[in-house]
Amino acid sequence: DDDCDGSTDEGVVGIGLACFAGVGACRREGALVCIDGVLSCDLPAPVSPGEETFCDDVDNDCDGLVDEGPDGGRVGTACEEGIGACLRGGTIACVGASGADFTCNVVAASSNSEACNGVDDDCDEEVDEGLGLGNACQIGVGACIRPGVTICDVGGGVGCSAFPGAPQQELCDGLDNDCDGQTDEGLGLGNACNGAVEAGCGLGVLECSPDGTVQCSAAPGGTAWPEGAYLGSTCDCMACCTVGLWECQAGQLLCSTEPGGSGYPCP
20 DDDCDGSTDE GVVGIGLACF AGVGACRREG ALVCIDGVLS CDLPAPVSPG EETFCDDVDN
80 DCDGLVDEGP DGGRVGTACE EGIGACLRGG TIACVGASGA DFTCNVVAAS SNSEACNGVD
140 DDCDEEVDEG LGLGNACQIG VGACIRPGVT ICDVGGGVGC SAFPGAPQQE LCDGLDNDCD
200 GQTDEGLGLG NACNGAVEAG CGLGVLECSP DGTVQCSAAP GGTAWPEGAY LGSTCDCMAC
260 CTVGLWECQA GQLLCSTEPG GSGYPCP
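In this text, residue positions in the sequence shown follow the working numbering: the first is 20, and each later residue adds one.
For the record, the hints were derived by calculation from the structure and aren't laboratory data.
Given the structure is predicted, the values throughout are model-derived calculations rather than measurements.
Note that beta-carbon positions come from the ideal geometry of N, C-alpha and C, so glycine has one too.
Check before you lean on any hint, since a few could be wrong.
Computed Cβ-Cβ distance ranges for the label pairs, DEER-style [to be verified]:
#: 1; residue 1: Pro186; residue 2: Glu144; range: 14 to 22 Å
#: 2; residue 1: Gly178; residue 2: Gly109; range: 34 to 42 Å
#: 3; residue 1: Val173; residue 2: Val94; range: 42 to 50 Å
#: 4; residue 1: Val138; residue 2: Thr232; range: 49 to 57 Å
#: 5; residue 1: Thr169; residue 2: Glu144; range: 44 to 52 Å
#: 6; residue 1: Ala97; residue 2: Glu144; range: 35 to 43 Å
#: 7; residue 1: Gly33; residue 2: Asn124; range: 28 to 36 Å
#: 8; residue 1: Asp120; residue 2: Gly33; range: 26 to 34 Å
Model the full structure from these sequences, guided by the hints.
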């Protein structure tokens, strides 16, 4: 009673007014009083922050936020469930009565078999796995084969990045030039021949020549008939004194000076 009028702290502005401290469940309310000559808020004992109780509309942990989850999500904020193609978006909502937990109000979609489309269809955090993408591949047949790598096709399957070559006319070269799965077909390879148009000695067989054509060889894989030789055509052997004719004698194609087999073959 500084003014000795029988009243204490009368006339001090603020005395008795309401005051508070803290937020949420930690908020304490009191009234302004003089303490040691200083105007102060007379409050109850402090309240320690508790664990956030979801969906009770109370800031239990006294951080200024209401009903926030451990990841910072609050009721009404966006949330997601699922991964890959199963991912769906929703919002955080309360579950059950007050004080219960909260959840994301959406359910992840069901997974599907993995397709080749750049999407995690089976929802395992891997994209296009197990499809062999990037592995070496080839496409085409015979001489049309071209190399490539395995890639996704437009239908969600896998294909080869290469395109087959264009078929060519079949040659006698041991290759499938026309890309039909057959080699040197239709050329009569291995058939008996005598180097002539007519049937005759049959001493040779048809085989491929180095230039890709068919030749009649007296020894398969060896020497072909002399150029232009056929039964009945003229021949001139170095050991003969006269011109002879190509004919069959004793199963051999010989140049004979007396056609019909006189016994004087020109070797």
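CB-CB spacing for Asn124 and Gly33 relative to the 28 to 36 Å hint: violated, 48 Å
C-beta pair Ala97, Glu144: status relative to the range 35 to 43 Å that was hinted: Violated - the Cβ-Cβ distance for Ala97 and Glu144, about 21 Å, lies outside 35 to 43 Å.
Consistency of beta-carbon spacing, Val94 to Val173, with hint 42 to 50 Å: 44 Å Cβ-Cβ, so the 42 to 50 Å window holds.
Cβ separation of Val138 and Thr232, checked against the hinted range 49 to 57 Å: holds, 56 Å
Cβ separation of Asp120 and Gly33, checked against the hinted range 26 to 34 Å: violated, 44 Å
Range hint 14 to 22 Å (beta carbons of Pro186 and Glu144) holds or violated: Violated, at about 46 Å.
44 to 52 Å as the expected CB spacing between Glu144 and Thr169, which holds or is violated: Violated - the Cβ-Cβ distance for Thr169 and Glu144, about 22 Å, lies outside 44 to 52 Å.
Gly109 and Gly178 - C-beta distance against the hinted 34 to 42 Å: holds, 38 Å
Hint compliance for this structure: hints 1, 5, 6, 7 and 8 are broken, all remaining hints hold.
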